[in-house]
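Engineer: For reference, the chains in residue letters:
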Amino acid sequence: MKQTPVLEGAFVSDPEPALVGSCCRSCDTVAFPASFTCPNPRCSRKDVVAAPISRTGRLASWTTVHFPPPPPFVAPDPFVPITVVEVEFTSEGIQVVGPLTGASPDRLRTGMAMETVVEPYYTDDSGEVIGWKFRPAEGGGDE
Amino acid sequence: MSDVIVAGVGLHPWGKFPEKSWVEMGAEVAMGAVADAGMEWTDVEAMVSGAMQWGGSTGMRSGNTIAAALGETGVPIANINNACASGGSLMRAAYAMITSGMHDSVLVIGTDKSPKGYFPSVPVLADEPRPPVDMVRWQVGVPNPAYWALEMRKRMEAYGSTEEHLAQVKVKNSRHGSLNPYARYRKAFTLEQVLASPMVCDPLRLLEICATSDGAAAVMLVSDKKARRLGVRPLVKVAACSLASGEFGDPTIRIPLLAAASDGAATAPLLSESRLAAQMAYEQAGLGPEDMDFVELPDNSSWHELQYLETMGFCGEGESEKLLDAGETALGGRLPVCPSGGFSSFGEATMAQGILQIVEVTWQLRGTAGARQVEGARKAITEVYGAQANNSACILTT
Ligand SMILES: [Zn+2]
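So the protein sequences, as listed, match chains A and B.
This note's numbering applies: residue 3 is where the first sequence begins, and numbers increase by one.
This note's numbering applies: residue -2 is where the second sequence begins, and numbers increase by one.
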C-alpha cells in the first residue's frame, strides 16, 4: 500500500525512527517541525539545517481524548479513545506532542523514558498515512 | 491625552440561536450600546468589529455588514480577528483612536456564532507547498482541550492539584452564572454533578470545559470631553488596554502547534503572552493586582482559572487552589473571579467574549449587576486567552 507521511520531512524511519526538526548552526535553537529560519529573535545569522532529534525522551505529560476529533482526523467507528503524550527531549530543549502507541495509558508515569516510532495513523483512499508516535522505551523504566 | 470612558454597553443573551443571524445579534447590541450612551447611530464616529471567520466573507467584514443593515454613514470601520483575543484587540484599537484624539466616539462590536463541539480547522489553500500545522494537529488528534489537559496534568504533578479542584471551579462559576440572566447556562452544579460529567480529555471533564456559543456584545467608548457632553454617570474609565504576543522560549504548547521549548530549557514563562498582557495593563493603569476588586479571566476550562490567577499576578505558582479552597474567589470572597459566571456559563463566542467581559465590568462598576453585584467594586481587570499566543487585558476603574 502507498504510504504518505503526515508531514513531509518531519521524521525518518532509517537508520532508526526519529523526529526531524531544524537546528540553527549559529545559536543551536531546535525547532519542530523544521522551520525555514531560526525562531530565536536574538539570532541574526539564522542559518538552519535539518537535524534529527534524539530518539528517546522523557514523558512530560499525557491526556486521553475520549471524543473523536473532527476531520481531517480519521476516527474508527466506534471511536476508541486516543492518548496524546508530550515528550521532552532534553538535549534539543524541546517538547513534542504525539499519539501514544504500544502501551495502555495506565502504565504512564511522568518522567519515564519514551521512544519515537513511525506507524500508520490511518488509511484513506490514497493509502496509508504514517506519522510519529511515542511508546515507552524498550526495557525502559523511569529515566 | 484624552481619557477613554465606557459610555454605553449592549449585550445579547448567549446560547444557540438558529433562527437569528449574527448580523441581527450584532446590530441589536450595537444599537443597545449607542442608546445606553444616550447617543444616536449617526453620532458614531468610527467602528471596530470582530472579523468572524465562521461567517465567511461577510463575517470577515462584520462591521460593514452590520453598518449596511443599520444604515451606512461612511465612518471608518476596521474589522479585526485576533482569535479569542479579538475583543481586547478591538478595545485597544478603539482606545488608541480616542487617546490619540482621532475620534471622540468609537463603537466596539463583537458578534459570533460558533460551530458545535471542538473548534474545527478553517479551510486553507490547497496549493500551499506544505500542509499547515493546524491540519497536522488534527491528523495527530489533538483537540483544544487536550492542550489544556496536558498542562493540567503537569500542575497536578507539581502542586498536588486534584480533580476536585477542577470541579470546584465549575461549581463556583456555575453559581455565579445562575445569577446572570444573560448567561447560557444558569444551573448551579454540585461537586458530585460536575465529577459525574463525562471525561473529555482527562483530567478535564465536559462540565469543566466551556461550550461554544452564539453571542454578541458591544461597547460605546468615548473621550472624556464627549462623556461630559453626554452627561455619562458614573464615569467608568478604561484605565488600561494591553495587547501582547508570545515570547521565544515559552514552554506552552500553543494551539495549534505540536512542540515548544521544554520545561527544562524554557527561557520565558508559561503563557508568556498572558503574563505580559497583564503586566502591561497594570503598568499602564499604574495599579497592581492587589488593587483589583474582582477579575473576569478566561475560564475556557477549569485549568485556565487556576493558571490565570497566577499568570495575572494574584498569587504565587501553585497557590490558586488555596484561594479556591478558602472561598476567596467566590462572590462574597476577597477576590471574586468571574462574577458574570465566566465563559463556563456563557460559552465561547470568540469575537464577542472579550467584550462580554467589558460589559460585565461596566455593570459591576455602575453597581447595576443585580444579584451578582460585587460589593463596592471600583477597579477590575479582564483578560482573555487567545490561540497561538495572543492576549489582551483591560483595566476599568470608577
Ligand atoms: Zn539561531
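If you are wondering where the hints come from, they were derived from the structure by calculation, not from laboratory data.
All of these numbers come straight from a predicted model, not from anything done at the bench.
Beta carbons: idealized from backbone N, C-alpha and C, even for Gly.
It is possible that some hints are incorrect.
Unchecked claim - Using C-beta positions, here's what the derived DEER-type ranges look like: (1) B/Ala66 - A/Ser28: 53 to 59 Å; (2) B/Arg183 - A/Ser28: 38 to 44 Å; (3) A/Arg44 - B/Met57: 33 to 39 Å; (4) A/Tyr124 - B/Gly53: 51 to 57 Å; (5) A/Glu121 - B/Arg127: 31 to 37 Å; (6) B/Glu189 - A/Ala77: 42 to 48 Å; (7) B/Pro231 - A/Phe81: 52 to 58 Å; (8) A/Ser28 - B/Gly367: 57 to 63 Å; (9) B/Glu316 - A/Phe81: 37 to 43 Å; (10) B/Ala66 - A/Arg27: 40 to 46 Å; (11) A/Arg27 - B/Arg183: 39 to 45 Å; (12) B/Leu122 - A/Pro72: 17 to 23 Å.
Unchecked claim - Quick look at which bits of chain B chain A covers, simulated, 3 or more residues with Cβ under 8 Å: (13) 97 to 109; (14) 145 to 158; (15) 260 to 274; (16) 367 to 374.
Engineer: Identify every previously stated hint that the structure contradicts and give their numbers, smallest first.
Structural biologist: Hints 2, 4, 5, 6, 10, 11, 13 and 16 contradicted; others consistent.
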